[in-house]
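K.L.:
Chains as they are written, first to last, in our numbering: chain A, 1 to 268; chain B, 1 to 487.
Hint data in this document are derived by calculation from the structure and do not stem from the laboratory.
Virtual Cβ for every residue (Gly too), placed ideally from N, Cα, C.
Careful, some of the hints might be misleading.
Simulated restraints, written as ranges between beta carbons of each label pair [unchecked claim]:
1) A:24 / B:303: 36 to 42 angstroms
2) B:206 / A:205: 35 to 41 angstroms
3) B:364 / A:132: 45 to 51 angstroms
4) A:132 / B:290: 40 to 46 angstroms
5) B:285 / A:155: 52 to 58 angstroms
6) A:156 / B:285: 39 to 45 angstroms
7) A:94 / B:364: 30 to 36 angstroms
8) A:155 / B:296: 36 to 42 angstroms
9) B:364 / A:197: 30 to 36 angstroms
In silico DSBU-like pairs for lysine-lysine, Cα to Cα no more than 30 angstroms straight-line [claimed, not checked]:
10) A:115 / B:481
11) B:481 / A:155
12) B:385 / A:109
13) B:385 / A:134
14) B:481 / A:109
15) A:92 / B:295
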Amino acid sequence: MNQMPMTSENVTTMPTKNTKITARDVQVYYGDTHAIKDVDVDIEDRTVTAFIGPSGCGKSTFLRCLNRMNDTIDICRVEGAIKIDNEDIYDKKVDPVQLRAKVGMVFQKPNPFPKSIYDNIAYGPRIHGLAKSKADLDEIVEKSLRRGAIWDEVKDRLHAPGTGLSGGQQQRLCIARAVATEPEVLLMDEPCSALDPIATDQVEDLIDELRSQYSVVIVTHSMQQAARVSQKTAFFHLGNLVEYGETDQIFTNPKDPRTESYISGRIG
Amino acid sequence: MPVLWIVAIILALAVIGYFMGRYRAIASAGGDSRKLHSLPNYYGTSVAIFTTVFSLLVLIIWLIVQPLVIENRVSGTIPAEAIPEGSTLGLVMSDVRRVANGLDIAVAGGAMTEDYASSIRTEFTDVRDRLAGVGVALGSDVGSSTLRAAQLYRTMSATGALLMAIVVLAIALGGFLFALMRTHKDFRARNVVETSIRYLLIGAASIAILTTVGIILSLIFNTIEFFYRYPAWDFFFGTTWAPSFGGGSELGIIPLLWGTLYISFIALVVAVPIGLFAAVYLSEYATPRIRAFAKPLIEVLAGIPTIVYGLFALLTVGPLLLSVFGPNSVGWMGAASSVMTAGLVMGIMLIPFVSSLSDDIINAVPQAMRDGSLGLGATHSETVKQVVLPAALPGIVGAVLLAASRAIGETMIVVMGAGAAARLSLNPFEAMTTVTAKIVSQLTGDADFSSPEALVAFALGMTLFVITLGLNILALYIVRKYREQYE
Numbered sequence: 001m002n003q004m005p006m007t008s009e010n011v012t013t014m015p016t017k018n019t020k021i022t023a024r025d026v027q028v029y030y031g032d033t034h035a036i037k038d039v040d041v042d043i044e045d046r047t048v049t050a051f052i053g054p055s056g057c058g059k060s061t062f063l064r065c066l067n068r069m070n071d072t073i074d075i076c077r078v079e080g081a082i083k084i085d086n087e088d089i090y091d092k093k094v095d096p097v098q099l100r101a102k103v104g105m106v107f108q109k110p111n112p113f114p115k116s117i118y119d120n121i122a123y124g125p126r127i128h129g130l131a132k133s134k135a136d137l138d139e140i141v142e143k144s145l146r147r148g149a150i151w152d153e154v155k156d157r158l159h160a161p162g163t164g165l166s167g168g169q170q171q172r173l174c175i176a177r178a179v180a181t182e183p184e185v186l187l188m189d190e191p192c193s194a195l196d197p198i199a200t201d202q203v204e205d206l207i208d209e210l211r212s213q214y215s216v217v218i219v220t221h222s223m224q225q226a227a228r229v230s231q232k233t234a235f236f237h238l239g240n241l242v243e244y245g246e247t248d249q250i251f252t253n254p255k256d257p258r259t260e261s262y263i264s265g266r267i268g
Numbered sequence: 001m002p003v004l005w006i007v008a009i010i011l012a013l014a015v016i017g018y019f020m021g022r023y024r025a026i027a028s029a030g031g032d033s034r035k036l037h038s039l040p041n042y043y044g045t046s047v048a049i050f051t052t053v054f055s056l057l058v059l060i061i062w063l064i065v066q067p068l069v070i071e072n073r074v075s076g077t078i079p080a081e082a083i084p085e086g087s088t089l090g091l092v093m094s095d096v097r098r099v100a101n102g103l104d105i106a107v108a109g110g111a112m113t114e115d116y117a118s119s120i121r122t123e124f125t126d127v128r129d130r131l132a133g134v135g136v137a138l139g140s141d142v143g144s145s146t147l148r149a150a151q152l153y154r155t156m157s158a159t160g161a162l163l164m165a166i167v168v169l170a171i172a173l174g175g176f177l178f179a180l181m182r183t184h185k186d187f188r189a190r191n192v193v194e195t196s197i198r199y200l201l202i203g204a205a206s207i208a209i210l211t212t213v214g215i216i217l218s219l220i221f222n223t224i225e226f227f228y229r230y231p232a233w234d235f236f237f238g239t240t241w242a243p244s245f246g247g248g249s250e251l252g253i254i255p256l257l258w259g260t261l262y263i264s265f266i267a268l269v270v271a272v273p274i275g276l277f278a279a280v281y282l283s284e285y286a287t288p289r290i291r292a293f294a295k296p297l298i299e300v301l302a303g304i305p306t307i308v309y310g311l312f313a314l315l316t317v318g319p320l321l322l323s324v325f326g327p328n329s330v331g332w333m334g335a336a337s338s339v340m341t342a343g344l345v346m347g348i349m350l351i352p353f354v355s356s357l358s359d360d361i362i363n364a365v366p367q368a369m370r371d372g373s374l375g376l377g378a379t380h381s382e383t384v385k386q387v388v389l390p391a392a393l394p395g396i397v398g399a400v401l402l403a404a405s406r407a408i409g410e411t412m413i414v415v416m417g418a419g420a421a422a423r424l425s426l427n428p429f430e431a432m433t434t435v436t437a438k439i440v441s442q443l444t445g446d447a448d449f450s451s452p453e454a455l456v457a458f459a460l461g462m463t464l465f466v467i468t469l470g471l472n473i474l475a476l477y478i479v480r481k482y483r484e485q486y487e
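Excised from the complex, chain A in its bound form (with noise of 0.2 angstroms):
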């Protein structure tokens, strides 16, 4: 694997940047633990923005707070301005379940719905009614594993089980999944911790096209893929957000010392 940070390129030639989401002063409490203290960050839209930490450090848990998924969870309590566009998404007035469809969410394991390929797709779409005929929804199908960079291969299989694909298609089936109700952002929580390598290199292929047309915030345990497929790079200690800023600086010119002592493998 390569050491060196390879986005350099990419950042420069990127467009100027708006800000997609806004995290002020946020505070996340499991019961009486304090699992995140004082987070403030910027994600800027068409970025890929990878959450680096070790375990236990928060990174997922506050990859969550972004699309409310923290809410199933009873003891969770979440505090602090959360911003998307400029609107508070922990406002009274968000209804988290249209949040959701705006910021799609790709899990740790693969997790098709024990449905044909197609229904897998089209379960978003049917749910918010994006589609007006059974021809609509066929191409949304279609664009979305199309984007999935997954289309070629299960196109002569639309209705056989996504539970049947190998473990590298069933993530990029659920990446499609994430994508066909058009969501904005995309978060991944550890997309490839259960895939092999040449299904990882797959889906890190997609996560950088991806990158054209969505905000993508990654969390990973993996330095160099951290390395390999994002813009910005945050990490994460105890709960902290230690330092966030571009990939290549963090990588090569870490101003903290824990988040050097933390690329270069002395904690975590």
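Once you've looked at the hints, dock chain B against the given chain A.
P.N.:
Chain B alone, transformed into the frame defined by chain A:
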């Protein structure tokens, strides 16, 4: 020697063997138990096992075989002319056993000497009178051949019992000595005990299986016997159920099957939606605290004896339905006993079956499925309806089929709630009856056991068994297929 004594001696020998085996093993290691292959207890246990297992096995087999052999030998001595008109060899043999038993009591009570009991002749003594004197009443005078057979029976039993005691105790002692001689510090007693534990477990499993096989065989033989006396076609396709113990019965199973299926259907219509919704609530919506409190409470329903449900049907639900649908209002219902009464109550009984099994199955659906659906912006109920329930569906179908076979086999609620009239009707407010309820009424009467009216119970039982077995196999097949999906 009584069997109890033999068992007591064997067990005493086993206890002695345990301590001697232990002692001998330790002694052979020079008092240092670390030099033994196994822990000292294993040496003792292996001696105890060798003392008891084989001797007790022989004892059990002997107790089963000896009466058969004696019966066979004794019945051979009864001449054909000694069997009265209209009687059978079996009836005479039961007389023989009774007389033999009476003589035993007389000897034990001191009314006769042993010699006298084995030498009395009907020509000189009124045996019936003498036995009545010691409290054994006989139905008729004792014929000479019966008495002689009874005396032979007694002699053979006595010899057999003596022989049994000698053989069994010899085997126990043999096993004891053999195992004790083997006990040495290098003897692998631990492995011997391990092997015998395996056989113990195999034995337990085979007893369950053999019992099932035995029950099925008895059903099959009696069913065949029934079909010799009553045409199978009329049984399976007859639409009238009218047993009459004087002969000339019509024994068609169709009305009974109809009643069974109708009542089960109503029960499932009640139980499946309620049970399923309860399961969805408990597993998806209820907080852990409510769940911990509500789930056991629902399962209490499963612990109520069915006779109590029967009372509930008879005293509460029946009269309630009658007041709503009875002659005083719409007039659909004539009496409190009806298909609806039994079906409703049976449905309530089945709720915990459906809800408890479905709850387990819904819980087995991986959380990742729910997260995936919620993450796409689905609401909770959309997630349940479109992802969780389809994923759990095969298991839920299995649960429903298990509940169905329970409903088909239910008896008490039907007896008390549905009435006893076998009827083919579509009106759910009429009294009908089921296969199980008729099995009870056919066997509890005083009918001659070899008449088709009594034997039909076995044919009914066999039919029911085949139906529920089929349902259970289907349910297991579906549940197993479901398991393959996630593992």
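K.L.:
Which of the listed hints are not met by the structure?
P.N.:
Those not satisfied are hints 1, 2, 3, 5, 8, 15.
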